[in-house]
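Given only the sequences and the hints, what does the whole structure look like? Please build it.
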Amino acid sequence: MDLKDLYRDVILDHNRTPRNFGRLAAANAQAEGYNPLCGDRLSLFLRMNGDHIEDVRFEGKGCAISTASASLMTEAVKGKSRAAAEELYQHVHELLTKPNAAATADLGKLAALSGVREFPARVKCATLCWHTLQAALNGSATVSTE
Amino acid sequence: MNVAVAEQLSAAPLDAERVRRDFPILSRTVNGKPLVYLDSAASSQQPLPVIRAVERYVTHSHANVHRGVHTLSQEATDAFEGARDRVRRFVNAASVREIIFVRGTTEAINLVAQAYGRPRFGRDDEILITALEHHANIVPWQLLCEQTGCTLKVAPIDRRGELLIGEFAALLSPRTRLVAIAHVSNALGTVLPVKRIIAAAHEHGARVLVDGAQAVPHSRVDVRALDADFYAFSGHKMYAPTGIGVLYAREELLGSMPPWQGGGDMIRSVTFEKSTYNELPWKFEAGTPNIAGAIGLGAAIDYVESLGLEAIGAHEQRLLEHATAELTAIRGVQLIGTAAHKAAVVSFTMSGVHPHDIGTILDHEGIAIRTGHHCAMPVMDFFAVPATARASFACYNTPEDVKRLIDAVQRVREVFG
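Chains as they are written, first to last, in the working numbering: chain Y, 1 to 146; chain D, 147 to 563.
None of these hints come from the bench; they were simulated from the model.
All the given hints hold, so there is nothing to weed out.
Distance condition first, Cα-Cα at most 30 Å in a straight line; then the derived DSS-like pairs of lysine-lysine:
#, chain 1, residue 1, chain 2, residue 2
1, D, Lys549, D, Lys179
2, D, Lys179, Y, Lys98
3, Y, Lys4, D, Lys549
4, D, Lys179, Y, Lys4
5, Y, Lys124, D, Lys179
See below:
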């Protein structure tokens with residue numbers, strides 16, 4: 001287990017300069033995520049066109065894993081259908097939790113998160129944004145990782 | 147060991163390398179590296195004399211206390227009540243009737259809120275706390291306010307993490323019924339001037355509860371010299387097992403308080419019409435207590451007295467000063483809590499790095515620190531940080547531990563740039 005498996009360059013880059021960061025003025029779906037263990041907070045904004053995620057942005061404060069994961073997620077789900085986003089989440093979840101899970105082709109840059117599974121205390125940091133996305137897609141206002 | 151001998155020993159500086167050998171857990175490795183344990187403010191490790199005292203009791207004398215005439219029950223009772231007297235001498239209480247065994251500091255504070263505050267306080271009454279309290283010294287009072295209509299007042303702190311004594315004094319009034327303060331802040335390490343605070347509160351007729359969880363491992367506490375009304379602390383932050391703690395309370399206050407929990411051991415007689423309660427301190431100890439824990443606490447007190455609390459405090463102070471100076475020199479490190487008088491805790495943040503990432507990298511180097519809000523969210527809000535990284539020191543830490551900490555924090559800087 002090497003630290004570089006967790007803090008890969010892609011993760012450090014997306015932590016330093018998160019993509020799609022800030023509020024989305026024209027959002028028509030939104031949810032808040034909260035990790036009480038570390039105090040990470042995340043607001044996720046979606047502009048849905050029917051079942052299609054036209055735009056997505058986030059803001060909040062968190063650790064490198066949670067910030068980079070949210071940044072990578074927004075890049076990955078923008079322009080996708082609800083079903084495709086949910087399928088992607090299943091693949092990310094397997095990557096984060098299943099030993100020896102291989103990255104599927106649709107993950108792209110999200111595959112950089114595979115090192116997180118060697119650090120079980122940090123898996124929730126990476127999944128917070130995805131739980132928040134599900135809440136926003138399903139119309140719930142707040143999720144907590146507890 | 148008598149006090150005179152302990153004082154003599156305390157004149158000699160602590161031999162931390164020898165002390166370390168008393169703590170078996172310190173010889174293990176974490177992530178392939180020798181463990182450096184810097185999280186004693188959350189829970190300290192246990193030395194062999196404590197482990198052996200608990201083992202001896204469990205393997206030789208265990209039975210329920212205050213119950214049977216059989217030999218084991220007698221031995222268990224003697225050991226349990228012996229531990230109570232050990233605690234009494236440790237904090238210099240006048241009587242064992244003033245020493246209540248509880249699960250920990252949190253339970254002690256809840257006991258005072260419910261058995262002292264709830265029957266007495268009403269709409270016109272105020273409870274005064276400080277802005278640096280642990281949640282355990284905030285939430286029980288909020289519950290009490292909901293139950294009785296009394297009001298919670300909070301005395302502010304400054305940017306160094308020191309209590310603003312003038313503002314605190316200005317909040318004292320005839321409405322103040324109880325002042326509840328930390329002796330030492332768990333998140334910042336600030337040592338509060340509790341003796342002065344107690345004197346000021348008493349001038350206004352208020353009673354004072356001191357949360358001593360972070361104080362008893364580092365300095366001698368004399369409840370009568372402080373003139374404290376209530377003093378609460380936990381065993382597991384002073385080298386004893388978890389699940390055992392102490393509430394010291396003046397006998398006349400305990401005598402005027404109704405029982406908190408009902409059950410076995412706290413009664414003298416029970417009928418369906420009416421029960422009468424046991425004497426102090428057992429009136430406040432319903433149910434079978436943590437006998438092994440109390441015995442472990444007694445052994446932990448013997449242990450710290452054998453090292454000398456003054457020697458422990460001086461040793462930790464040197465480590466704290468060393469760590470503070472070295473951390474401050476690292477680019478982007480910001481100390482949270484820079485009070486003039488601190489004990490054993492250094493809390494910090496790093497620019498561009500979340501404390502959880504610091505914690506993960508340090509753990510990878512075999513170093514255990516606490517990261518998060520330290521059950522003191524209002525303190526985090528005051529300093530406008532979501533969390534901090536906190537290294538805390540105990541008798542078994544060494545300058546080498548501080549060096550490993552500093553090297554690892556520099557490694558964090560390398561990873562995050």
